[in-house]
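**Q** Respectively, the protein sequence lines represent chains A and B.
Going by my numbering, the residue at position 163 of the first sequence is 334; the numbering climbs one at a time, nothing skipped.
Going by my numbering, the residue at position 74 of the second sequence is 666; the numbering climbs one at a time, nothing skipped.
The hints are simulated quantities; they were obtained by calculation from the structure and are not laboratory data.
Take the hints with a grain of salt, since some may be wrong.
Computed cross-link-like contacts, PhoX-like style, restricted to lysine-lysine with a CA-CA straight-line distance of at most 25 angstroms [said to hold, decoys possible]:
1) A:Lys941 with A:Lys713
2) A:Lys686 with A:Lys505
3) A:Lys860 with B:Lys598
4) B:Lys679 with A:Lys858
5) B:Lys705 with B:Lys679
6) A:Lys245 with A:Lys603
Facing chain A, according to a computed beta carbon distance under 10 angstroms, are these residues of chain B, among others [unchecked claim]:
7) Leu687
8) Phe689
9) Pro690
10) Leu692
Heads up, the beta-carbon is just placed ideally off N, CA and C, and yes, glycines get one too.
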Amino acid sequence: MKRWVPLAAGLAGAAVVWTLLPARDATVSEWAPQLGRQEAIQKAIQVASAHGEQIEGWRFAVKTNVNGSLGRAKRRFQDDRLLKAFEALQFKVMAFDGRHSSVMVTISGAGHELGFSDRSRLGRKGSGERQAELEMERLVGAAAANYRRTAESVKTQEGIRSAWEWVDAERPGIVGRVEVVLKEGEVVRSIVECSVPEEMMDSAQAGRRVLRDGALMVFFLLGVGIVGLAIWSLFTSLLRRSDQLRFGMRFVWMAAMVQALALLSGSLQNTARIQSFEEGLGVDPRLPQAVLIAAVLTVLAALILAAGYAAAPRWEWKRWIGAGMVAEGRLWTKLVGWEAWSGVMAGVGLAAIPYVAAAVMGPGTRVRFLEGSNLLAETWPQLEPLDGLGLQWELYLGIVFLLPWLAARVRRHAVRWGVLWLACGVLLSVAKGPFPPGSPANLATGLALAAGWLAIYQWAGVLGLWVSPLGTYATVQGVRLAHLAPVSLREAGWEILAGYGVLAVAALAAARWGKATDGRRLLEQMEENASAPPRSERERLKAEFQVARRAQAGMLPGEDPWVEGFELSAVCEPAREVGGDLFDYLRFSDGQFGVCVADVSGKGVPAALYMTLTKGMLAAAEHGKPDLRTMALRLNRALTAAGKKRVFVTMSIGLLDGERRVVRHIRAGHNPPVLWRSGNGTCEFLKPKGIGLGLTAGRAFERHLEEQEVQLEAGDALVFYSDGLVECMNEEWEQFGEERLEETLQKWGRCGAAELKDRIVEAARVFRGKADPHDDLTVLVVKAGADGRDSIR
Amino acid sequence: MATNFKIENKTEGEVRILELEGYLDAHTAPQFESAIQEEAEAGNLRLVVDCARLSYISSAGLGVFMSFIEELREAGGDIKLAAITPKVYQVFEVLGFPALFDILATVPEAVAKFAEGPREG
Chain A
172 MKRWVPLAAG LAGAAVVWTL LPARDATVSE WAPQLGRQEA IQKAIQVASA HGEQIEGWRF
232 AVKTNVNGSL GRAKRRFQDD RLLKAFEALQ FKVMAFDGRH SSVMVTISGA GHELGFSDRS
292 RLGRKGSGER QAELEMERLV GAAAANYRRT AESVKTQEGI RSAWEWVDAE RPGIVGRVEV
352 VLKEGEVVRS IVECSVPEEM MDSAQAGRRV LRDGALMVFF LLGVGIVGLA IWSLFTSLLR
412 RSDQLRFGMR FVWMAAMVQA LALLSGSLQN TARIQSFEEG LGVDPRLPQA VLIAAVLTVL
472 AALILAAGYA AAPRWEWKRW IGAGMVAEGR LWTKLVGWEA WSGVMAGVGL AAIPYVAAAV
532 MGPGTRVRFL EGSNLLAETW PQLEPLDGLG LQWELYLGIV FLLPWLAARV RRHAVRWGVL
592 WLACGVLLSV AKGPFPPGSP ANLATGLALA AGWLAIYQWA GVLGLWVSPL GTYATVQGVR
652 LAHLAPVSLR EAGWEILAGY GVLAVAALAA ARWGKATDGR RLLEQMEENA SAPPRSERER
712 LKAEFQVARR AQAGMLPGED PWVEGFELSA VCEPAREVGG DLFDYLRFSD GQFGVCVADV
772 SGKGVPAALY MTLTKGMLAA AEHGKPDLRT MALRLNRALT AAGKKRVFVT MSIGLLDGER
832 RVVRHIRAGH NPPVLWRSGN GTCEFLKPKG IGLGLTAGRA FERHLEEQEV QLEAGDALVF
892 YSDGLVECMN EEWEQFGEER LEETLQKWGR CGAAELKDRI VEAARVFRGK ADPHDDLTVL
952 VVKAGADGRD SIR
Chain B
593 MATNFKIENK TEGEVRILEL EGYLDAHTAP QFESAIQEEA EAGNLRLVVD CARLSYISSA
653 GLGVFMSFIE ELREAGGDIK LAAITPKVYQ VFEVLGFPAL FDILATVPEA VAKFAEGPRE
713 G
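Bound conformation, chain A alone (with noise of 0.2 angstroms):
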């Protein structure tokens, strides 16, 4: 973006306003206050004395009040001599003196008194009745008239309450209302008001109304839906990313600034404290109340910001380094003071919006955005705008997450910006429309205000679509104050227009004179801590285990092999950790064929290592010839030498002959197979000699390896299987053993090969019950045949 063109925006935003503002600001020019704070507590004072009561150097708090309808009727009605009388506008002037005694003065936009309310004791006696008509005629001055008595010396619990009307016979309904109550003859509570009812008003408004509530309902739940998927969103992302709570945490205490600047300023004192003593309260509850409520919204601010960043892909990143390095505190940099003084300028000329589509809209139309008329009775006015940075929820919710969740998800570009503007324009309408509900006015405002917004983002990141909110109200408020003609206000409207100015000013000289910063590298900084490694350490660990189990069980068979006049079937069943049990078929290049099951002592990585050299070994070996002694000795002798003789490994392997039905075999300190026999049905453990590969590299191994053969009858099966199957342990601690080992042989030897298998797994499964194994099971199940069936599962 070209340098000049946010202070182009700005000042042209700024004439505007100043231009249009004063015929078309609803503040300004319906409701022209002729008091500020100071001038109604001055005009309260006088109330009070008049009244008998002194309350010069007593705290205030003011509120003012505005009668929306009575306004409504007033421009609908405008030539009615009693709504003529009345005024949308109230100041309302709460006095205390610290103790027990409160008094509250009404007064209107111009400074007539509108009512007294006195809770002091009083001591002085009157003459009673009269009193209470010249309280009526000092109310409502030439009217009084006008107004008709309707109740006569009510007792009631405050004192004795008597009651005027005045009803236009011309507009039947509209009502001005004078009541008075007097206790020892003093009067301690008076009140002059006008009501309108609904019924009069143009009935399309009572529709149009229905329609603003239904969209406040719409937004107010997919605002809920919004912050929701936020916090969803950020604490998922935060198991994969380290820094995110940082940045959140520290935008927690900006927002937490803004916060209470806008509490000390004294609008929530003032409202709390006044609508305590209208219900009657001698305290004021929701001062609490409303510090707790506003720091659950800086928290949620917070989440929010934070949420966004999360969710943020990496195309959104630049846009997001500003906010980053203000939540670390670096504010005077090149790069902070260019986002925030084009952010806050841009929103100066967003400013002129409202104005605009006011004029266009013909004459009558007023804008009441930014509706604070409560701003004419703040303490410290110049503290409003801080407001825009803590509560612009369309923003956030909008814009500062949903469009870079959006932009993770969405691919089209176009697509993604558009909805986003649909919504937030909606959005927009809805909450801040500034004109009567329904009007096309307000759609075209939001639509306006978020295309302007979602240029913001682009262009100045969130550091400056977060501050821009500043630029609008204050450029509002201040030009609002400034046109205002109580001095006291004037003045005020030219403070904040002045404050901020050198705020922004104050922006433009980091971006001209603070220190360079490498984007670069703070998008490098970024991509570090977003790939950063899991927390735990033990995920990582079991994540390795994954992996060398996958590993693992990729190397053994998948399928039962065809092999002429066996029948083969077998299966690992991994333990819970990973585990060394192989099972192997070699073919070799003459056409013999051999199984193996092989188990590595010890658990973990290092014996899924030692499996995996044992497979290669095995896998080299059928390129040589099948001889079983020759095999041993060089297993032997590599895994001696790879492992510290700690880590071994127990083998039995196999070598079929097809055609005379043998099996030759060799034990390397792996468990004794066992043969059932189909003729008879007994059982025989084949326990040649042999000791364990890897544990010697002398003489010792060689002395002591033995081959066997056996000549097996059709039916007749050799079972071999890893201690993991006959030292199965059950929740007793007990073994499954060998014998049970027999007795499922004996059982069940008369299936086939695959299903002999699965029952001998079953048989171990069962009696294992809810205990865990402890070990890899191991089965491969030799099954002489009749002819070589093809058992493939």
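For chain A, the structure is supplied; the task is to place chain B on it using the hints.
**A** Same frame as chain A, but now just chain B:
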């Protein structure tokens, strides 16, 4: 698996006797390993392991024997096993340990075996 495991040491002449009690598995193997290490460092090269009260041994336990045996034998010592219960003996036997170690029925026999001179390896 219970990890109750105890080692008690005794001396008989030049031979150190390690009495094992309980379960020797992956959890307790390190304990056994340090015990043998201590003996080796203290210069006690002739060890008899009394397995009378050893209820269970796993491959981790077996591995401990293997890791020191070469060292000790080269220095002129040895580890001999005594009084192994039948159930535990089966584990040793399946693996082929009798071919690698002297396994005797009682401790005195094992101690006496040292007088016979080094094993042919």
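**Q** When the structure is checked against the list of hints, which entries are broken? Sort them ascending.
**A** 3
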